[in-house]
Amino acid sequence: MTLYVILEGVIAFFLVAGGIFAFIGSLGMAHLRDFYMRLHGPTKATTLGIGCTLAASMLYFWVTEGKPDIQEMLITLFLFITAPVSAHLLAKTGLHQQLKYVKKTSGSPHELRREEVGEKPVPHPDKGHG
Amino acid sequence: MLDTALWISLALVVMALLMNVYRLAIGPSLPDRLLALDTMYVNSIALIVLLGLWLNTKTYFEAALLIAMLGFISTVAVCKYLLRGDIIE
Amino acid sequence: MIQSRSWLRTPLLSILLLIVWLLLVRSMAIGHILLGGFLSIIIPLVTRRFWDVQPSVKKPWLLLRFVLRVLADIIVANLEVAWLIVNPWRRLKPAFVEYPLMLEERFTITLLANTISLTPGTVSANLRMDGKTLLIHALNVEDEEALIEEIRERYERPLKEIYEC
Numbered sequence: 001m002t003l004y005v006i007l008e009g010v011i012a013f014f015l016v017a018g019g020i021f022a023f024i025g026s027l028g029m030a031h032l033r034d035f036y037m038r039l040h041g042p043t044k045a046t047t048l049g050i051g052c053t054l055a056a057s058m059l060y061f062w063v064t065e066g067k068p069d070i071q072e073m074l075i076t077l078f079l080f081i082t083a084p085v086s087a088h089l090l091a092k093t094g095l096h097q098q099l100k101y102v103k104k105t106s107g108s109p110h111e112l113r114r115e116e117v118g119e120k121p122v123p124h125p126d127k128g129h130g
Numbered sequence: 001m002l003d004t005a006l007w008i009s010l011a012l013v014v015m016a017l018l019m020n021v022y023r024l025a026i027g028p029s030l031p032d033r034l035l036a037l038d039t040m041y042v043n044s045i046a047l048i049v050l051l052g053l054w055l056n057t058k059t060y061f062e063a064a065l066l067i068a069m070l071g072f073i074s075t076v077a078v079c080k081y082l083l084r085g086d087i088i089e
Numbered sequence: 001m002i003q004s005r006s007w008l009r010t011p012l013l014s015i016l017l018l019i020v021w022l023l024l025v026r027s028m029a030i031g032h033i034l035l036g037g038f039l040s041i042i043i044p045l046v047t048r049r050f051w052d053v054q055p056s057v058k059k060p061w062l063l064l065r066f067v068l069r070v071l072a073d074i075i076v077a078n079l080e081v082a083w084l085i086v087n088p089w090r091r092l093k094p095a096f097v098e099y100p101l102m103l104e105e106r107f108t109i110t111l112l113a114n115t116i117s118l119t120p121g122t123v124s125a126n127l128r129m130d131g132k133t134l135l136i137h138a139l140n141v142e143d144e145e146a147l148i149e150e151i152r153e154r155y156e157r158p159l160k161e162i163y164e165c
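Those sequence lines, one after another, are chains A, B and C.
When we follow the working numbering, the leftmost residue of the first sequence carries the number 1, and every step to the right adds one.
When we follow the working numbering, the leftmost residue of the second sequence carries the number 1, and every step to the right adds one.
When we follow the working numbering, the leftmost residue of the third sequence carries the number 1, and every step to the right adds one.
Looking at chain A on its own, in the form it has when it is part of the complex (with noise of 0.2 Å):
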């Protein structure tokens, strides 16, 4: 009997820890200044967030259906491994397109200074892998 609150603890908590870390990670992104900060939130405060709900909807499906179903762990796995490579390839559209960043930023990647690129930005030209 008390495995099972502690079990049921356990899940609610995971549930909880996932939603806090989605609305933090959109929270991020609606409020910081500019496009490379907000690129920080989404990409990994959601992606565990995801990761929490999906541990708990696990772990619910092992206590009721007494078989452990490891099918959500691919989705976890999944988004983990794909969370990197979109916010890598977003950042660098975001250099292409040469998005402002707040002044406070320290550095200046060549990317981004204009007597460099030019006024219009030209196509990437290594090739393929891009």
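Among the hints, erroneous ones may be present.
Claimed, not checked - Here are the simulated DSS-like cross-link-like pairs (lysine-lysine), alpha carbons at most 25 Å apart as the crow flies:
{"id": "1", "chain 1": "C", "residue 1": "Lys132", "chain 2": "B", "residue 2": "Lys80"}
{"id": "2", "chain 1": "C", "residue 1": "Lys59", "chain 2": "A", "residue 2": "Lys100"}
{"id": "3", "chain 1": "B", "residue 1": "Lys58", "chain 2": "A", "residue 2": "Lys100"}
{"id": "4", "chain 1": "C", "residue 1": "Lys132", "chain 2": "C", "residue 2": "Lys160"}
{"id": "5", "chain 1": "C", "residue 1": "Lys58", "chain 2": "C", "residue 2": "Lys160"}
{"id": "6", "chain 1": "C", "residue 1": "Lys58", "chain 2": "C", "residue 2": "Lys132"}
{"id": "7", "chain 1": "C", "residue 1": "Lys160", "chain 2": "C", "residue 2": "Lys59"}
{"id": "8", "chain 1": "A", "residue 1": "Lys67", "chain 2": "B", "residue 2": "Lys58"}
Just so you know, these hints were derived from the structure itself, not from any lab.
Using the hints, position chains B and C against chain A.
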């Protein structure tokens, strides 16, 4: 206890989705909107999983998996298009 | 085919595909195993042209330790970033950091870039064309040198040990 947790989680995810819509609407640049759309995919996966918990069924996991894959592919495709002006070279 | 065993050149990939297939159909029936086995042999053959050469894992136990460390880092650092986002008195100091790469292989650079993107606070933004530096955007940096040093010690050196040396 589980019901309460489920409600809290649902409320948080729905608020997250609303903020994504906000960013999607105002987002000053194209990559911003793309990022909002990508996050929306991920949040809707959470919503579907929660729905599955709510209805006590596993039927929706395939849907979640499909959204995860299509979301990633479409984000990459649009990024490629913005980067290179072409998707398949 | 030139090599005699070329239909099974990537056994790990085949096994992984088979496992994923069985998880997807959620069944262990003999028909599914046969179909999955067939697909997991065919798919690597068909997509072979798209794969880069993958360096072999030299020290598997180090790889395991690396994965566990990255998972722990993801959780801990996520809490930090969550706090940075919700804390109303924060003073964020974002920065672009150029990270000089020590790795040489394409595959390991990809792994490093993904690790950097997954650990919060940093996103790898661009790999320069010469493959020597990685442009990183960080959410809150006090000291760029310290950040570079941390990434080098925590992630790059283990990766180099696992795959390249």
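Q. Is it true that the CA of C/Lys160 sits at most 25 Å from the CA of C/Lys59?
A. The given pair, whose Cα atoms are some 10 Å apart, holds under the 25 Å limit.
Q. Holds or violated: C/Lys132 with C/Lys160, Cα cutoff 25 Å?
A. Roughly 15 Å separates the two Cα atoms, so the pair holds.
Q) When you check the alpha-carbon spacing of A/Lys67 and B/Lys58, does it fall within 25 Å? A) Roughly 13 Å between the alpha carbons, so the hint for A/Lys67 and B/Lys58 holds.
Q: Given the hint that C/Lys59 pairs with A/Lys100, test it: the Cα-Cα distance must not exceed 25 Å.
A: violated (43 Å)
Q.
Hint check: C/Lys58 vs C/Lys132, CA-CA at most 25 Å. Holds or violated?
A. holds (23 Å)
Q: Would you check the hint for C/Lys58 and C/Lys160, treating anything up to 25 Å between C-alpha atoms as holding?
A: Answer holds: C/Lys58 to C/Lys160 is near 10 Å, not above 25 Å.
Q) Hey, B/Lys58 versus A/Lys100, does the alpha-carbon distance stay inside 25 Å? A) violated (45 Å)
(Q) Checking one constraint from the list: CA of C/Lys132 to CA of B/Lys80, max 25 Å. Satisfied? (A) Measuring from Cα to Cα gives roughly 23 Å; hence the hint holds.
The structure is inconsistent with the numbered hints 2, 3, although it conforms to all the rest.
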